[in-house]
Each structure stands twice: as C-alpha cells, then as structure tokens.
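Listed below are the residues making up each chain.
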Amino acid sequence: MRTFCAVAMMLAAAPLTLTAQLTASSKIDEQKLHAKSTETSALKALPRFRFENFTTANGLPDDHVYSVLVDGDRIWAGTDNGLGLLENGKWKTITTKDGLAHRAVISLALDHRTGDVWAGTMAGLSRISGGRIDTFTQLNSGLSNDVVYGVSVEGENVWVATAAGACRLDLRTGQWSLYNERNTPMVEIWAYGVSATASKVYYAVWGSGVLEFDQKTKVWDKYEDPDGENEMVLFKDQGLIHEITTSVSYVDNVLWAATYFGDSRYDGRYWHNFLTKDSGLPSNFTNVVKGVDANRAWFGTDKGLAYYDGSSWAVYRPSLTTGKPEMTVRDAQGHVSEVTVTSAPAHNYILNIDFQGNDIWVATAKGLSHGILQKEK
Amino acid sequence: MKRGTKRRLDGVVSALSGFVVILLCLGKWSGQLVRAAGNGRTGELLTYASPIELLASPDGKRLYVLCQGSDEVRVLDSASFAEVKRIHVGRLPRGFSLSTDGSQIFVANSWDDTVSVIDTNALAVVATWRVGAEPSSVLQGRNGQHIFVANRISNDVAVLNAQSGEEEKRLAAGRGASYITPSADGKRLYVTHVYPNTTAHRTAPESEITVIDAARAVVVDRILLNGIAHGFHVAQSADGHLGVVAEMHPKNLVPLAHLEHGGAFADTLMLFGADVGNQPVEVPLDELERYAVRPFGVAIAPDKSHIYVTNGGSEIVTVIDVRRLLAFVRTHRGPFAEDLSASSNYVVARLAVGHDPRGVAISHDGRDLLVANRLDDTLSVIDTQTNRVVSTVALDGPRQISVLRHGEQTFYTAHYSFQGQIGCANCHIDSTFDGLQWDLEPDGFGRDIVDNRPIEDLKGTEPFKWNGGNPNLPTECGPRTEKYFWRSENYDDLTLTDLVTYIRSLPSRPNRWRTPDGELTLAQERGKALFERAVDKFGNPIAESNQCAYCHSGSKGTSQKSFDVGTRKSTDNTGLLDTPQLTNIAMTAPYLHDGSAATLEQIWTVFNPEDKHGRTNDLTKDELNDLIEYLRTR
Chain A
1 MRTFCAVAMM LAAAPLTLTA QLTASSKIDE QKLHAKSTET SALKALPRFR FENFTTANGL
61 PDDHVYSVLV DGDRIWAGTD NGLGLLENGK WKTITTKDGL AHRAVISLAL DHRTGDVWAG
121 TMAGLSRISG GRIDTFTQLN SGLSNDVVYG VSVEGENVWV ATAAGACRLD LRTGQWSLYN
181 ERNTPMVEIW AYGVSATASK VYYAVWGSGV LEFDQKTKVW DKYEDPDGEN EMVLFKDQGL
241 IHEITTSVSY VDNVLWAATY FGDSRYDGRY WHNFLTKDSG LPSNFTNVVK GVDANRAWFG
301 TDKGLAYYDG SSWAVYRPSL TTGKPEMTVR DAQGHVSEVT VTSAPAHNYI LNIDFQGNDI
361 WVATAKGLSH GILQKEK
Chain B
1 MKRGTKRRLD GVVSALSGFV VILLCLGKWS GQLVRAAGNG RTGELLTYAS PIELLASPDG
61 KRLYVLCQGS DEVRVLDSAS FAEVKRIHVG RLPRGFSLST DGSQIFVANS WDDTVSVIDT
121 NALAVVATWR VGAEPSSVLQ GRNGQHIFVA NRISNDVAVL NAQSGEEEKR LAAGRGASYI
181 TPSADGKRLY VTHVYPNTTA HRTAPESEIT VIDAARAVVV DRILLNGIAH GFHVAQSADG
241 HLGVVAEMHP KNLVPLAHLE HGGAFADTLM LFGADVGNQP VEVPLDELER YAVRPFGVAI
301 APDKSHIYVT NGGSEIVTVI DVRRLLAFVR THRGPFAEDL SASSNYVVAR LAVGHDPRGV
361 AISHDGRDLL VANRLDDTLS VIDTQTNRVV STVALDGPRQ ISVLRHGEQT FYTAHYSFQG
421 QIGCANCHID STFDGLQWDL EPDGFGRDIV DNRPIEDLKG TEPFKWNGGN PNLPTECGPR
481 TEKYFWRSEN YDDLTLTDLV TYIRSLPSRP NRWRTPDGEL TLAQERGKAL FERAVDKFGN
541 PIAESNQCAY CHSGSKGTSQ KSFDVGTRKS TDNTGLLDTP QLTNIAMTAP YLHDGSAATL
601 EQIWTVFNPE DKHGRTNDLT KDELNDLIEY LRTR
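Taken in order, these protein sequences are the chains called A and B. Residues 1 to 377 (this note's numbering) are what the first sequence spells out, left to right. Residues 1 to 634 (this note's numbering) are what the second sequence spells out, left to right.
What the hints contain is simulated information worked out from the structure, not anything from laboratory work. Beta carbons: idealized from backbone N, C-alpha and C, even for Gly. A portion of the hints provided could be inaccurate.
Straight line, CA to CA, 30 Å or less: simulated DSS-like cross-link-like pairs of lysine-lysine [to be verified]:
#, chain 1, residue 1, chain 2, residue 2
1, A, K92, B, K528
2, B, K621, A, K200
3, A, K216, B, K187
4, B, K187, A, K218
5, A, K218, B, K621
6, A, K218, B, K251
7, A, K97, B, K528
Selected chain A positions facing chain B (in silico; Cβ < 10 Å) [unchecked claim]:
#, residue
8, G142
9, S177
10, Y179
11, S319
12, T321
13, T322
14, G334
15, H335
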C-alpha cells in the first residue's frame, strides 16, 4: 500500500510528456505487478496453520497457560494450576502433591543432554527427571528468589530469572551464583526472561533493559533504551526499544528482545526495532519473543501471535472484533491482506511459544494451542 | 568359570608358584580365623587385598578380583586360582566391569575420582580417565558408545565417550549413586544408591532404581523404593523378567521400638519386573534369630532357579528358590518387609562364608558361585547344586590379622548384637553415615531424635553424642553401644581397643569442593571472611559465642564444647548440644542435631530466626551462598 501511495505522489508532482506518461504508466504497472507479486509471494511464503486448541475440556490442567515446552513427542504445559504433560494423546497433571514447587508454572526449559525438564514456578524451581521432582527454593538452596520467571539450560548450567535477580546453578558443583545490582549493571532486579547459550547469556530485566553475560570473558554488559524515554521512541534503531523487557531469545548470534513497548533485533552491531506503526506487529505489548534463526522470529503479544520472516509479517488470532479465526499478512511494502483460515490460537493473549519441527505450540491466557503447519495447496 | 574347571577346585589344597592358596573346609572356617587372629593380631600396618568385587572373563578362563585394600585388580586362573598378574589401579577401587567385547576392564577408583582402563590382553592399565566425585561402579553401554559411571558423592551417573573417556554429561541419580547393572537386553541400565533420597523430616526414607536408556543416555524412569534407605547390588534375570535389588529397610520412625528394642532394620530384596507386575515387591531375608544383615551382592542363576545374596553383617550367603519366591509373592498380600516368618517360604539355605562378603560371580553354567570375603582376603567357592561351600581360596597377602583389620572386622560384623541383628556398619555405611535420624535411647518414644553423624577423622572431635555425653570413643563404642545397640555381648577389652583403633584410623575422604591447588575461589574467600568475622554488617560486634569460627574452631571445625543454638525442639531433653565437626560437611546432609535442616541453607534460612546459631540474619542471600561455599570446603 505504501508503495502505491509513493507512486501516486510522484505522478502528481510533475507534468509528464506522453512518452514519459507511457513510461510512467508502464512503470506503474510494473510496480503494481511487483507489489502484487511481492504480496503473492508473501502470502505464499508465510506459514499457514491449523490450530488445535487444548483447554480443561480436553484434559489441560488449567486454561491459563503460562509456558509451553516441546520435548520430542511430548508437550509440557505450565499452567496456573499444575504442570500438564501431553503424551500419547493424553494429558497428565503434575501438582504440588507430586513435589512440584508450586501450582503455577510460569517458565519451562529442557536440558537437551539429559532430558530433564526445569520448571520455574511462583514458589521455586523444580527439576523433573525421570519422574522424580527435586525442588529448589530460596530457603533450601542458593536460589535468589522463589518467583522464577525464566529458566534456560546451557551445558552444565541452569540460568534462572527471578523476581530478585538472575542466578546460575552449576549442576556439576552444586554452586549457586547470584547476579543482581551488586555485581552486574542491573538497576532493577526483576528478571523476566533468560536465553542462555555457550557463548552468551541474555536476561530480559523488567525496567533494566537487556543484560548480557559473555561466557568467555565472564563480563556483564547492559543494553538500554538509548533515549531513556518510557513514553516515546526518539532514537529508533539505535538501541533497545524500551527498558521494560519481558523476553529474550538468542539464536544464530542474533538477539531478539521483547518489551511492553515494542520489540528489537540486535545482530551485535546494528539494532532494528519493531513497532506496530511500522511493522506487522499486532501490538507493542509483547510477552514473549522466540527466534527461529537470525532473521525469523515469533512474537506473542496481547493482541495475537505474530511471525516475522525477515521482511513480511503474519498475524494469527481470533479477530479482535468478531472473534472469528483470522490470519493477516503484511508484506515488505506494508501491504496488508487477509487469508481465509478456519482456526486460530485459543486466545489473543499469548504468553509463550515453542517449536515442534514445523509446528508451533502457543501458551495463551485461555488455552494451549498447537499450530499444525498446513502444506501449500 | 567353565564346568570343567570346577572339578579341579574341590577340596584341593595347593600352593602355586610362590602364591599361597589355602582351601579350608567351611565347618572349620567360620569363626576360627577371627579367634586365632584375635589372639595373634599385630600392630603392624599391613596391606590387605580386601577383595570386594569379582568378574569372570568371557571365556571363563580368568577370574578378575577387585582388591580395594591393595588398589589392584588381581588376575587369577579360574581353574587353579593361581595368580596370573596384579594390576595396580587408582585409590580405593570400588567397582569394575568388562567392556562389551571383553577386551578391556574398567575400574572405578573411588578416592581419586578416576576410571582405570585395563587391556585384558596386555593386562595393563592403558588409560586413566577423570570422572565425578567418588566413582563407585562403571559399565559400558551395550552399543559400545558410552561408559556410565556412578558417582557416590555427586549423586549422578557420568556419561563418558567410550573412545576418549571424555565426560559428555551427568545424569541425576539417587543419593550416593553406586551400582549399575544392565538389563538382560542391554537397553536399560539400573542404578542403585547407598544413601536415602531427601524426604520431609521424620518421614519414611525413599530410594529409587534409576533407569537409564542406554542408547540415548538419558534417565527414562525411576522405580520408587518406599521405605528403603540403602540400595546395593542390582541384578536382572537372563530372561529380563525379574530384577532384584539388595537393600536395607530401616525402622527409624515413631511408632518405633527404640533401637535397643531391636528389629531396627529389615534386610530385604526389592523385586521388580514382569514377574512381579507393575509395582516392585519387597521381600525380607530375615528370619527370627537368623538375620541376613546388610544384603549387598546379588546374583541370579542363569536358569533363574535361584538368587544368591551376600549378607555382609551376618557373613552368609542367602540362597533363594525363585519359583517358591514368586509363588509366595503372587499368593500373599504384602507388605512383607517386617514379617520374620516370610523368608522360610523361599530361603532354602544360609551359607556361612567369610568376613564381610561382598561381590559375587556365578559361572556361565550356573554351577559355581564365587564370593569375595572382603575382610578375610578369601574367596568362597559354592557348589550351587549342593548349596555347600566347597572350598575357600585365600588370596596372597598377610596372614596375620592386624589390630586395624580386627577392628574393621568387628565394625562390620553383626555377631555382637542381640540375635545378630545389626552391626556398626548398618548405620555407618562403608564407614560413613546413613543420612537418617534415630530414636536411640529409652527416654520416651520420639524423644531426643538424633541425626547420625559421620565418623571420619574423629580424632580431636570428642566428646561424642549430640549431648556430648560420651567423653571418648571407648565409651561411645563400648558401654554405650553395648547397652543401647547390642544388648547381647560385651566386647572384650582387646576387641574394643581394636574397634576404637580402627574407627580412629578412618581418614577424611578427599574434599571435592576444594580446588585442586587448594586455593579458595572468590566466593569461598568471601565466605571464609564471613565465617571468621567478629563484626556484623552494621558495625556491631558479634558476641564471641555467636561467631562461626568460635564454636567451629580448629582444623576439624569444632571447639569440642556444647552450646545452645536455639534449635531445641519440644521433644528434646536439652538444647545444649555438642558442636559437630565440619569435616566434609557438604556430603552429610541433613543437618542440625535432629536432621531437621535438609540443606545447609535451611540451617540459617529456617532454623536461625533469633541469630542464636551465629549472627547471620544481617546477610544477603548472596553472602549466605558465599558462606555455604566456604563451609563446603571444610
């Protein structure tokens, strides 16, 4: 759409000769064609899903799903009332009676080497290993705080984001290391999310931007909103979009960061920010971001699930007005088109995302959704 | 051992090329050596072989004997028991196994945290790999890609690359992970552990069989063993339908006859697998006045006709008829663990062997069973057709019994207790601790519950007992133990002296939380400063008796005085408690006199509200973590 407007303005700006008009007309057609083909290719390229939704009606422990984790053929769902495990088509619920730290499971991580699952809850961190649950709290262990917003496993280390800072459990030695305002550039200590890799560890710290830990140098660094403005974006693409960060995802040496006021991508040199006004993001209020690779990422907002493929966007949600399933595509030129779909995520308020091959699992405020990739017809 | 070799063993006394091999008839064996040794024991420090595990080579021609005392694998000729070679390995080896192709032997060296790799052709160590804390058994996965090592102190199973020995990962196992056995098809590994998993204070202990998918090298299941505190060898029948764990089931909760009332342990087996259904079934080995104390080694006959169990404290091998056992568990409703009449339904023989029998090996045809008698340096040879000990093979080594050896035999036997029910090693597993709390004395049910303390490096930590009531080890191990625990037989003076000498000789095992160069890490340094501080964070002086380093002073971390640290419970007779030593405190959870603190953290986050157990409530969480990091180096 923006491309067409620009062309119209050019036409209005100068009187044209016939040849020029013809040429211009031809160019317009070319651009139209190009725009149409871009739109078509975006429509084709962006994935379409059939969403299967789980609620308490079909076995989910609770409809409020904070977190989701793909573990091979098994799916873990951290809900407000227990940890659900979908295995062989049936849900099993793990509760505090089984040793879970708390009923509300707000974060999940898989140790890919051992198969152990780590569950961050409102009252501690639990490890589920071969059916045994070990719980770490601020009273029985070195965990900095019982409210565990995020957890990520890297090698022998479990990195934890808590309401009182970041911490790391060294599984080999059992040592807990705490990171907070006393030993990092963290100003606020409300750590909301963590993404740990062998080279870098990133924390989303609510009110304190993004913290970076370099595994090699053991040095912490910090990324903040360069304009320091909570309400405005004065220096777009010059740094993190906002201090109120909620989620980070580090993949292929690229950092994706979500905030309540837009999202950011950082490749180590350049920042690129995403706002609703200049991207396909359905809302600046973003709860979660999960990178597929350096160029592609999924965003969970309060107004739907969004996918960015590096140039185009797709949004999947129940319509904000009718509630009917909706998929919209915004191509690189900003042209928005609708795709007819018959299913959508269970709710627009998206809290967590994980991938299962080409499928996607989405935790929402009212159910868990399984997006099954549909083959192009 | 092949059938043909067995005939050459029977009743033969032979001396072979410089090695002494003595075969003794069973009837004369039991008890006599101890008595003779008691009379003639020596104060010399002698190195005994202390055989603890046995392996037969794939062709049955060789017998490998893991000798814990001499840090060796001894290679014997299976037919003659002549010694072929001694291969020196690491310190205090505890477990070993053959590679899948039989070309290598892997040895878990428990005190130097290594695995020795022995080439079975060259009979030499060809590699030494570093592993986790206190490796206790080692096994190669059936596909040959991975080596699995059970680490007792780090409570995990290390997964090594079988080619390089490089550790790829560690799998969380039970507390004190120690023994690994493959399933019959090799797809699963079963791991047991010698200390109970953490449970809520004063609840029944729990253990597990950690089940590992050998190909994927991940934990896929944990078979819960309710009421079990200590698991040892695990075996599976050749058809894969019956698994057996040797284990101890303590009765340390109220309602409980105090320890002096006896019956403090049930010595049991846990059966699992298709033969017994979905849930494991616990069956006792004890019979009235015929206890089977400390089940350790397990072997199942190739035809699944019998199960053989070594009982270290009772110094016997228990023989079980599998058909009768399965018939019993299928026709009776459990639980059976404490039923002293149950075992007569399936135990068909109790064969006396040597001191502290441990590992067992059964010949491929099932005709011969070999037992390693750790504290006699002998092997018992049992004819499984007649259920008789047909010979006893003495390994080469000192024939004299030293004071330390006799003390150790006294520590590990159950013969001094009423009906032979328990021995020191029941609660001090492998001369350590048991992770349990007990009601020891007849001062009312549930009064003065006390946590079991470790016994390493005790010199300079007197007095003993949590109330400091026993001024020295002779009192602790003599009258007090005889009155409250044994209630049967007094030690003679020399035996008590030997026992005390042995206990005092127990060294502290290497501390795994110290850096190799002995330097403290930054966190440990910060913690040390907190441990030694005399002023709190607000600049206020800390009373001397409330400084960590005052009560926990000296190299052992005890001033040997009693203090009230505010942890007295309504069931305690006194709040004045002996200051426990800090030796290897990181591995001895739970904490406080009654074991109410499950972790070191809980001592201060839960049980120190008034700052009586040191001034700690001014600390931040980071600082408390630093203090604990330092304590773990003690």
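Right, here's what the structure says about each hint:
1. K92(A) <-> K528(B): violated, 47 Å
2. K621(B) <-> K200(A): Measuring from Cα to Cα gives roughly 25 Å; hence the hint holds.
3. K216(A) <-> K187(B): violated, 39 Å
4. K187(B) <-> K218(A): Distance ~41 Å between K187(B) and K218(A) Cα, so the pair is violated.
5. K218(A) <-> K621(B): holds, 21 Å
6. K218(A) <-> K251(B): violated, 50 Å
7. K97(A) <-> K528(B): The given pair, whose Cα atoms are some 39 Å apart, is violated under the 30 Å limit.
8. G142: holds, 4 Å
9. S177: holds, 7 Å
10. Y179: Interface hint status for Y179(A): holds (9 Å vs cutoff 10 Å).
11. S319: violated, 43 Å
12. T321: violated, 48 Å
13. T322: violated, 46 Å
14. G334: violated, 48 Å
15. H335: Violated - the Cβ of H335(A) stays beyond 10 Å from chain B, reaching only about 48 Å at its closest.
In summary, the numbered hints that this structure violates are 1, 3, 4, 6, 7, 11, 12, 13, 14, 15.
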